[in-house]
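Student: Let's have the full structure, built from the sequences with the hints guiding it.
Chains as they are written, first to last, in my numbering: chain A, 1 to 328; chain B, 1 to 341.
No lab work stands behind these hints, which were simulated from the structure alone. Accuracy of the hints is not assured; some may be wrong.
Unchecked claim - Straight line, CA to CA, 35 angstroms or less: simulated DSBU-like cross-link-like pairs of lysine-lysine:
hint, chain 1, residue 1, chain 2, residue 2
1, B, K293, B, K239
2, A, K19, B, K157
3, B, K209, B, K282
4, A, K19, B, K185
5, B, K293, B, K319
6, B, K54, B, K209
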Amino acid sequence: MPEMTYLEAIRQALWQEMKRDERVFLLGEDIGVYGGAFGLTHGMLDEFGPERVRETPISEATIVATAVGASLLGMRPVAEIMFMDFVLLALDQIANQAAKMRFMFGGRTSVPIVVRMPGGSGTGAASQHSQSLESILMHFPGLKVVNPSTPYDAKGLMLASIRDPNPVCFVEHKVLYKTKGEVPEDDYMIPIGVAEVKRAGRDITVVANNIMVMKTLHIAERLAQDGIEVEVIDPRTLLPLDTETIINSVTKTGRLLVVHEACQTGGWAGEVIASVVGSPAFDYLDTPVRRLGGRDIPIPYNRGLEKFAIPQDADIEAEIRMMVAGKV
Amino acid sequence: MAKPKVKEINTQADFDERVRRLELSDETLIGLYRTMCTVRHFEYTADRLYAAGKVHGTMHLSAGQEAVAAGTRLALQPDDYLINHHRGHGHFIAKGADVNLMMAEFLGKDTGFNHGRGGSMHIADFQSNNLGANGIVGGGIPQAVGVGLALQMQRRKEICVCIFGDGASNEGVFHEALNMASLWKLPILYICENNKYGMSMDVERVVAKLPIAQRAEAYGIPWSTVDGNAVVEVYEAIKEAADHVRAGNGPYFVEALTYRYFGHSKSDRNLYRSKEEIEDWKQNRDPIMRFTKHLLQAEVLNEEQAREVDAQAEQVILKAVEFAEASPEPDLSTLMDYIYA
Ligand SMILES: Cc1ncc(C[n+]2csc(CCOP(=O)(O)OP(=O)(O)O)c2C)c(N)n1
Ligand SMILES: [Mg+2]
Chain A
1 MPEMTYLEAI RQALWQEMKR DERVFLLGED IGVYGGAFGL THGMLDEFGP ERVRETPISE
61 ATIVATAVGA SLLGMRPVAE IMFMDFVLLA LDQIANQAAK MRFMFGGRTS VPIVVRMPGG
121 SGTGAASQHS QSLESILMHF PGLKVVNPST PYDAKGLMLA SIRDPNPVCF VEHKVLYKTK
181 GEVPEDDYMI PIGVAEVKRA GRDITVVANN IMVMKTLHIA ERLAQDGIEV EVIDPRTLLP
241 LDTETIINSV TKTGRLLVVH EACQTGGWAG EVIASVVGSP AFDYLDTPVR RLGGRDIPIP
301 YNRGLEKFAI PQDADIEAEI RMMVAGKV
Chain B
1 MAKPKVKEIN TQADFDERVR RLELSDETLI GLYRTMCTVR HFEYTADRLY AAGKVHGTMH
61 LSAGQEAVAA GTRLALQPDD YLINHHRGHG HFIAKGADVN LMMAEFLGKD TGFNHGRGGS
121 MHIADFQSNN LGANGIVGGG IPQAVGVGLA LQMQRRKEIC VCIFGDGASN EGVFHEALNM
181 ASLWKLPILY ICENNKYGMS MDVERVVAKL PIAQRAEAYG IPWSTVDGNA VVEVYEAIKE
241 AADHVRAGNG PYFVEALTYR YFGHSKSDRN LYRSKEEIED WKQNRDPIMR FTKHLLQAEV
301 LNEEQAREVD AQAEQVILKA VEFAEASPEP DLSTLMDYIY A
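Tutor: So this is what it looks like as structure tokens:
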């Protein structure tokens, strides 16, 4: 299987789907010659032309609205929001419009759009270009929120997202763009709403998304040498959330830690924890459930400060050791 | 760019000349009259149902603005797409939406266009390319860009008509959308129904430079203003605009000056305008009264025939109420339906 980066895997999905389905088109700021702020759509303008790689003015609300309107006439638009932070400018179109249209209109239409957006810190982009806002997007029934952590998942989830008849927010992570992994050339889909056990283990369940999956897997290897077996679950989709996989895992391990980069207060860890403690898995818990989210501060610019605004390897490791030792 | 000034109330000679020039048959004129009567009966009936405690939610009635809906519809093709706004009953009816299903939706019934999920503010009829009203002021304006873009990419001949109020022209997306529509030469006809107020705010207090339509100039979009209470003039202005759009020349912007009779919504106590002002519009500029006078003088109809058309329109609405009232409520077991496709 060929190796490629997370960024290339998403590009390949877009490329292949545009070849396969002429209703699919891209729109966004600087996605043509420039290739998008991160170069994700590089080369696509040459291949598909300006009509299907449509460069827009800096008008996020209308970019999403254009996708919405075009989808009502049978198109399959994939809109790019340059940085996830800017999705706040388009939130009316996502939350009040796209997410609700099928419902408000009594099921007589659907809004098959994908809105791509890279979130996350780690690039020195400071407070307005580094947020992880996925928890906000989970609050709008009718929307789906997809959040892949590996190149393989990214491609399969992108293909599934474009073919999904509902509006999908496809949340990428800037730091993951350069990570590599095996990605099949062929067409495959990863089902939306299905979590994956990225590593099996008996001692503790750690639920993590995007870069925190990578970090946790890394730590899990180290802890295994000390005889601590960590089960790592990547929800892959945050809305709808696959609570069943998580509950089953906690029933087995008796311990739950949720790790995310998003600010801890109001973060999606709360949702996972509420689902678990409200389920029969509660009776199997050996320790209190815990969460490790980003600090409740805007992401700082300075390298050192930026790093410590979000959970680090050492934090995750210490948390796991403490929980497994029953010292919470 | 054509920029007709809004004229003083048109004379019979004006009217006759226009009807001749535009080759409007008696049948067509009577059709306009029928549409306007139907809209008015719908709106007054809706108000009555509300007063009788039969309406759960709010409503935004367009009585007084019927000529914009009727004149616009006549200038369009049946397949043209409509993006509507909250005060949209008139445009839906003019576009041929089944009033039974509208009334049922208004009463929240399962037989309504939206199975009772949307109510007055969200009526849509996808079968007639009526893509729905919007509860967010200006929310549909940028969506029309997407509809126009899809029409262009699919090389189709239909156009998208986008209706909104004076107040909506102050939303940011209005400006984003006009810019993009013009940039990409999209087949969109923007119609701003300036009924003088956005809720309580007089346009003069919230729009820095009037007319609103001149904002289109900044985006390179041709525009015009028209007396929105003169149905044949509306038809003429919209026809000219629609022809321009349909010929592939990009968007066009028409501002129709009109007036709403009822309060903004059910919470309105009319504290921001005088009774005299409302009466002046009702007595001297009412779109149906003016049109009726012209039709009588031109002998398109006699008084008895006019009354007959009006009575038929009323019957249609009363039947719709019967249908709606006899319709079932949505079953509570369906609460979670229609969220995901
Ligand atoms: C974004 C938003 N802001 C405010 C409102 C409340 N609101 C509903 S209609 C309206 C006035 C709209 O005025 P206009 O666009 O002129 O339309 P009209 O009601 O006069 O037909 C207001 C303020 C809303 N629904 N949405
Ligand atoms: Mg108004």
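Student: Which hint numbers does the structure go against, in order from smallest to largest?
Tutor: 6
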